[in-house]
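S.K.: Chains as they are written, first to last, in our numbering: chain P, 1 to 114; chain C, 1 to 112.
Keep in mind that the hints were calculated from the coordinates and are not lab data.
Idealized CB from N, CA, C, for every residue including glycine.
Just to be clear, a hint being listed does not mean it is correct.
In the EDC-like style, the derived pairs of lysine to aspartate or glutamate whose C-alpha atoms are separated by at most 16 angstroms in a straight line are [stated by the list, open to error]:
1. C:99 with P:67
2. C:3 with P:44
3. C:99 with P:58
Computed Cβ-Cβ distance ranges for the label pairs, DEER-style [what the hints assert, rightly or not]:
4. C:96 with P:73: 19 to 29 angstroms
5. P:16 with C:11: 40 to 50 angstroms
6. C:77 with P:63: 41 to 51 angstroms
7. C:77 with P:96: 29 to 39 angstroms
8. P:55 with C:111: 35 to 45 angstroms
9. P:3 with C:57: 17 to 27 angstroms
10. P:15 with C:77: 44 to 54 angstroms
11. P:7 with C:40: 38 to 48 angstroms
12. P:98 with C:42: 23 to 33 angstroms
13. P:10 with C:80: 23 to 33 angstroms
14. C:57 with P:15: 41 to 51 angstroms
15. P:57 with C:8: 28 to 38 angstroms
16. C:42 with P:84: 22 to 32 angstroms
17. P:53 with C:42: 28 to 38 angstroms
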Amino acid sequence: DTEVTQTPKHLVMGMTNKKSLKCEQHMGHRAMYWYKQKAKKPPELMFVYSYEKLSINESVPSRFSPECPNSSLLNLHLHALQPEDSALYLCASSRQGGYNSPLHFGNGTRLTVT
Amino acid sequence: DAKTTQPTSMDCAEGRAANLPCNHSTISGNEYVYWYRQIHSQGPQYIIHGLKNNETNEMASLIITEDRKSSTLILPHATLRDTAVYYCIVRYNAGNNRKLIWGLGTSLAVNP
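Work out the full structure, taking the sequences as your base and the hints as a guide.
M.R.: In structure tokens form, the structure reads like this:
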């Protein structure tokens, strides 16, 4: 079992749809992350929130929109995605930012864009 | 950026030690080495990290060479549940920010 919960586990969406991925942690961590992982590749960082403020955006296209409503929740809003955006989307949290403490990952949302 | 290179795949017999190598020849003096693993259909899991000295915890040991250009992750008594992709990562200091530079990973198969 993971302490970082991601929903849904699987998502299929069309290119004109709007959907959201959700991530939740109750460990009191103050940094939260979104990663994208393609098959047989390591995870790639997308966004970092530190103390509920966006601190890093790795030049991610605007069709991906992150949101951190509070210290326990992290959302990723999706709109007008392309088939090449199909991937495993991983959420992670850490006690503090700056990679000073280990990341705790959820099991991801497997996204398919049709 | 410091980069890591790892063998693509390795095999290990159950109960034996698994030694996973990683080269990071361009690592800087203040950059840590991290290891994570990813079991199939799960998110990555933190294993261990170190800077200069060897480190050990309940999961594994990390041996870093004196010149810090390479390291070895040791799983002392591998079990079938240790079958996973193991990532060697350098924590890179990019100005005021830090980044994790992930290797491509070693797929470890533990065989009965």
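S.K.: Hints broken by the structure, by number, lowest first?
M.R.: Hint check: 1, 11 fail, others pass.
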